[in-house]
Amino acid sequence: MNELAPQLFWPCTLGIAMIFVIGLYCVLFTYNLIRALIGLEILIKGVTLLIILAGYITAHEALAQSLVITLIVIEVVVITVAVGVVLGIRKHTGSLDARNIRNLKG
Amino acid sequence: MFSWLILLPFLGVIILNLPFRALMRRAAFWLCVFIASVQVCAVVFPAVCLWMGKLDILGYILKINFTLDNLSRVMLLCIGMVTFTAVFVERQMRRDEDKFFNFLNLLLLLVAGLNGIVMVRDIFSLYVFLEIAAVSSFILIGSNKDFAAFEGAFKYIVLSVVATVLMLSAIALFLIVAGDTGFSSISAALKSSPDRFFVILAIGMFLCACFIKSGLMPFHGWVPDSYSSAPASVSILLAGIVTKAVGVYTLIRVVSAVFGFTPAIKSLLLAVGALSVVAGALAALGQRDFKRMLAYSSISQVGYIILGLGSGTALGVAGAVFHLFNHSVFKSLLFLNSAAVELETGTRDMESLSGLNKRMPLTGITSVLASLSCAGIPPLAGFWSKLIIIIALWMCGQYFYACLAVAASVLTLAYFLSMQRKIFFGKLGEGLENVKEAGFGLAFPAVLLALVTVGAGLFLPLIIHVFIFPQGAIVGG
Numbered sequence: 003m004n005e006l007a008p009q010l011f012w013p014c015t016l017g018i019a020m021i022f023v024i025g026l027y028c029v030l031f032t033y034n035l036i037r038a039l040i041g042l043e044i045l046i047k048g049v050t051l052l053i054i055l056a057g058y059i060t061a062h063e064a065l066a067q068s069l070v071i072t073l074i075v076i077e078v079v080v081i082t083v084a085v086g087v088v089l090g091i092r093k094h095t096g097s098l099d100a101r102n103i104r105n106l107k108g
Numbered sequence: 009m010f011s012w013l014i015l016l017p018f019l020g021v022i023i024l025n026l027p028f029r030a031l032m033r034r035a036a037f038w039l040c041v042f043i044a045s046v047q048v049c050a051v052v053f054p055a056v057c058l059w060m061g062k063l064d065i066l067g068y069i070l071k072i073n074f075t076l077d078n079l080s081r082v083m084l085l086c087i088g089m090v091t092f093t094a095v096f097v098e099r100q101m102r103r104d105e106d107k108f109f110n111f112l113n114l115l116l117l118l119v120a121g122l123n124g125i126v127m128v129r130d131i132f133s134l135y136v137f138l139e140i141a142a143v144s145s146f147i148l149i150g151s152n153k154d155f156a157a158f159e160g161a162f163k164y165i166v167l168s169v170v171a172t173v174l175m176l177s178a179i180a181l182f183l184i185v186a187g188d189t190g191f192s193s194i195s196a197a198l199k200s201s202p203d204r205f206f207v208i209l210a211i212g213m214f215l216c217a218c219f220i221k222s223g224l225m226p227f228h229g230w231v232p233d234s235y236s237s238a239p240a241s242v243s244i245l246l247a248g249i250v251t252k253a254v255g256v257y258t259l260i261r262v263v264s265a266v267f268g269f270t271p272a273i274k275s276l277l278l279a280v281g282a283l284s285v286v287a288g289a290l291a292a293l294g295q296r297d298f299k300r301m302l303a304y305s306s307i308s309q310v311g312y313i314i315l316g317l318g319s320g321t322a323l324g325v326a327g328a329v330f331h332l333f334n335h336s337v338f339k340s341l342l343f344l345n346s347a348a349v350e351l352e353t354g355t356r357d358m359e360s361l362s363g364l365n366k367r368m369p370l371t372g373i374t375s376v377l378a379s380l381s382c383a384g385i386p387p388l389a390g391f392w393s394k395l396i397i398i399i400a401l402w403m404c405g406q407y408f409y410a411c412l413a414v415a416a417s418v419l420t421l422a423y424f425l426s427m428q429r430k431i432f433f434g435k436l437g438e439g440l441e442n443v444k445e446a447g448f449g450l451a452f453p454a455v456l457l458a459l460v461t462v463g464a465g466l467f468l469p470l471i472i473h474v475f476i477f478p479q480g481a482i483v484g485g
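As they're listed, the protein sequences go chains A and B. Residues in the first sequence are numbered consecutively from 3, following our numbering. Residues in the second sequence are numbered consecutively from 9, following our numbering.
Just so you know, the hints here were simulated from the structure itself, not pulled from any lab data. Being a predicted model, the structure only gives us computed values, none of them experimental. Every residue gets a Cβ at the ideal spot worked out from N, C-alpha and C, and that includes glycine. Zero decoy hints are in this set.
Covered by chain B, according to a simulated footprint, are these stretches of chain A (three or more residues, beta-carbon under 8 Å): (1) 39-46; (2) 56-68; (3) 72-81; (4) 88-102.
So here's chain A without its partners, still in its complex pose:
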């Protein structure tokens, strides 16, 4: 356990929780598909910070770094595929409005 950890833990956790809230707000309260993806991206950034914090307070920085680098690579791939899908939706409907993609129901 790092000696600065007890003082740093709660402020950092609070900051990360705020990032989560911002990301969730961004995903839930928008009809724009690209904005929803940006919200998801903000959520993943919060998780990245949480892993770094976990590595710092347990003094496992090397492990946390390797995890975070892997995570960033994967997240870029996922978001790229998601943007590709959004582009496909844009080609079909001509808009980025999430209210248009409610055909499948029941």
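With chain A held as given, fit chain B onto it using these hints.
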């Protein structure tokens, strides 16, 4: 050992994309069939492939601990069988050579990811392989490029990313508690401090992520959309193995190896499982679209698996794993039948079809076998797995859930019989006079899968001690 099963699909992708692509294109189909068959053979006849087990190259390079137990073997067998089926179906359904080639590449990546999921013993490596499988399935769902496919893929992506965020937050909290990401060290840390706020929060988030990935009832929104809008072969893959390995297997493995069967986890699993069983079956009753009906049925059957896991006894887990195996066989077969019907008649609307048994006898017979197995009619495999789950629930005192499982089985029979009556029985509908059997590519895997589901039921006494009961051993460990 057996890490070459992950290496083989990756090598396959590399070989397919070497400079002389024209030659590779012709060989691609057989290469995939070969890889799937090798995987099935390696599981069924481990002695034959023992010398390959010495080649632990990937584990040596990546320093990842790959191990294999009975549960992993069952999953590898399912992955091999369903991949085999999907390659044949895609060959029959897809006329465009380029798209077929892309499908095979993505399929090999998917298989590599799924094989990785079932062999790792480290929570972060689990996440990495999970994302490999998820990304390939996103692209596969959208590969038809029609609007419905994009819609299904987008819903899956959004929920999957939310599940990823929950899972990674749980991993970060485990890292704080345990200082490591291996299953054994997290398990030890959880045992020494079971009641800390962070521990409970992390377990809750991880379970939620698994529920989303396996499409259980409160989080099922993406399942019917992406199953029904994906191309036929991708529906087979999704229903047969992707959600099973990514969600259900992860849940079984993590609950049994890391969290342990605490009373809180057991009651959560039982409640979510019962909700999925009943609500999935009720929703399936009201569907007109063949594939949507199968998707809701899939939710309901996954509920049975979770009920078996929730009993927390060795017998219950053995039943759950056996039902997982059966489900991937008969649900792949039913999606295969829906592909055959859609290919020949051009529609999936159950109201506009009737009497296809006269024109497509093989599809009719195999779909009757699969539906009866799914509904739990005695000589077939599905009956035995449901029976084991219900007995396990009864024996651990969960009488309410046991009765619910029996009652929901009747609902399952109801929606499958209604499907059979609408599509296959009765008088031949108008405009369906020229329908014929869908061809070798769909008939051959259908017969194989039907034989597996009948065989596993009839030869149960032979396999029950080597294949089913040993699954319960993971509860103790």
